[in-house]
Amino acid sequence: MIILHTALAAEARPLIRRLGLKPGPGAPAPRLMVGDGTALVVSGTGRVRAAAAVAAAWTRLDATGHAPSAILNTGLCGAADSGRHPRGSVFVINACTDTTCGRRYYPDILLRHSLPEAGLHTFDKVIHSPEEARSGVRTAPELVDMEAAGVFEAGTLFLPASHVHALKIVGDALTDARFVTAADVESLIDDAIESITAFAAALRAFAASSEKSGRVLDESEERALGEAMDALRLTATQRARLSAAARHYRLLHDAPPSPVLAAFAARPPKSKNERAQALDRLLHALNGV
Amino acid sequence: MPSTEYRPPRPFSRIYVEDAARDHPETARVLRRFSRSRTVPISHYKDIFNRPRQEWRAQKESPALILAARHGEFLYDASAYTPTFGHKRFHYNALALNCVYDCAYCYLQGMFPSAHIVLFVNIEDYFAATEAALAEGPLYLALSYDTDLPALEHIIPYTRRWIEFTRTRPGLTVEIRTKSASFNRFADITPTDNAVLAWTLSPASVAARYEAKTPPPAQRLRAAAKALEAGWRVRLCIDPVLRVPGWENAYTALVDEIAEALDAGKLEDVSLGVFRINRDYLKHMKRRAAPTDVLYHPYEKRSALATYTAEEHKSMTSLLRSCFARHIPADRIHIV
Ligand code: SF4
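Top line first, the protein sequences correspond to chains A and B. Be aware that the first sequence starts at 21, since it is given in our numbering, and climbs by one per residue. Be aware that the second sequence starts at 39, since it is given in our numbering, and climbs by one per residue.
To be clear, the hints were calculated from the coordinates, so they are not data collected in a lab. By construction, the Cβ of each residue, glycine as well, lies at the ideal position given by its N, Cα and C atoms. Some hints here could point you the wrong way.
[As the list claims (entries may be wrong)] Here are the computed distance ranges between Cβ atoms for each label pair:
| no. | chain 1 | residue 1 | chain 2 | residue 2 | range |
| --- | --- | --- | --- | --- | --- |
| 1 | B | ARG91 | A | HIS273 | 43 to 51 angstroms |
| 2 | B | ARG359 | A | ASN293 | 22 to 30 angstroms |
| 3 | B | GLU350 | A | ALA305 | 40 to 48 angstroms |
| 4 | B | ARG91 | A | ALA49 | 38 to 46 angstroms |
| 5 | A | ALA305 | B | PRO208 | 58 to 66 angstroms |
| 6 | B | ARG91 | A | ARG107 | 34 to 42 angstroms |
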């Protein structure tokens, strides 16, 4: 499950339409929509609301057994230099500065994408000019928004920096924000929808692959291991040793340890002594080099 | 949402540049070399490198480069588990953190929270610190310690620069340890007695299974033979020795291959060490690294270390010692 986050309802509408999202579980606010492997939360404007909404979405989804594996903030931003970052262009954010405290977030971009990247500064107020964006910050802003730093702050509480990202669509050049209407917002997101959904899909695929990559035993092998542990009535330390041995066997022989485990589980020990002996034999059978 | 397969980015398609390293000429050189990569300015390398809960396995597939400037200490005391070859002042430095190779047993997987590769560009500060240490007496310095420095030569030519630096410092001996096979990169350098080039070798079957992305041992051995012929001091390291099924035959055959490929009598020495690892690192490795049987072997716990039992240790080292003793004097066989 991936959480998409937008600040505005107008930013969310094209995504809801495209992904066929329906109202999700829990309280009416913040607004949470869900669909196949995707949730979308709408926070309203501002860094703190964004952080709160992401945390709330996380908690609500986790409570229904769908712990999210990635978070993507998307929506419009302003550009300090409209020549380099023209209206409608889409950027993957590779650095985000929270201008209230100077903290910088660097999403660990471990997936392949073909979009341009840019740095983003999150402000707590509407910025009306490139000069205003530049004043009081250490590095000159490229893109400007009011939410992403909050999403990074809350998102990295739950997930690694490689699983929390922002994808921004340039809506204005910091001089003309008040001329961007809700209809303009929808139309800009609509134009960028292929990029947004493709990036979100790549992020979801990355999260799924990273979840799998550390796994040694599959579900049925884990079950066989658990059954053997229960049958032998092992202590926590003995369980840890057996678990390591089963993994060793799986990796060394590239074969499931289940038959070895099942043979022992079928003859449960009757005494503490028998249990120790059975465990020794089982460990030897699994570890024997 | 379109469903898609996970596609990792190209290795080094992203280069983080620390503010303090931004204007260094080495930085400019690396950025020229990777002109297609995306550059991201950062305040400090630890902002990227030291983050908690990083995706080690994915990072290892597609590492980013982090160009940084080192401050503070430049020389470290070698670990108690490292052979010192009889030198009183044995130090190592850290010109880079992490490695382009991907050995299943590598302790770096347990030591560093990230698999991205840090290169410290301020080599002149390392030279200055080494000069200062030399003023207090002769020094033995391992250059390729928490990395494989020659394997990074195409990115930053530090091996060459250190050899040239060492040549004119009589009290200094450097060890440059590698699994790389590209001796040709250094073939034009006149050998110096101040540098020991060390190749780590494993049986081909062990390398194929546990040393991903490394050149095959036969190629490493050819590189070592060329270096020996050219007049370099050459050390061979069989470290770690792994107790894999059929290990006796595999390691015996390796020694035979070595004796065939080069004049073993001319070797500086041979360093042998069975697999040993800090127990905390092993714990981290099980969480971070790609799972392999090496990580789950039932090692014995000996204080801070996980390693083979004393009996296994003995059988492994005595086999290798006796194999090598046929080709090289006993006093040049070091057991770690
Ligand atoms: S070559 Fe050495 S440093 Fe590099 S991965 Fe292998 S063991 Fe680690």
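Status of the hints after comparison with the structure:
| no. | hint | verdict |
| --- | --- | --- |
| 1 | ARG91(B) to HIS273(A): 43 to 51 angstroms | violated (31 angstroms) |
| 2 | ARG359(B) to ASN293(A): 22 to 30 angstroms | violated (42 angstroms) |
| 3 | GLU350(B) to ALA305(A): 40 to 48 angstroms | violated (19 angstroms) |
| 4 | ARG91(B) to ALA49(A): 38 to 46 angstroms | violated (30 angstroms) |
| 5 | ALA305(A) to PRO208(B): 58 to 66 angstroms | holds (59 angstroms) |
| 6 | ARG91(B) to ARG107(A): 34 to 42 angstroms | holds (37 angstroms) |
In this structure, the hints that do not hold are numbers 1, 2, 3, 4, in rising order.
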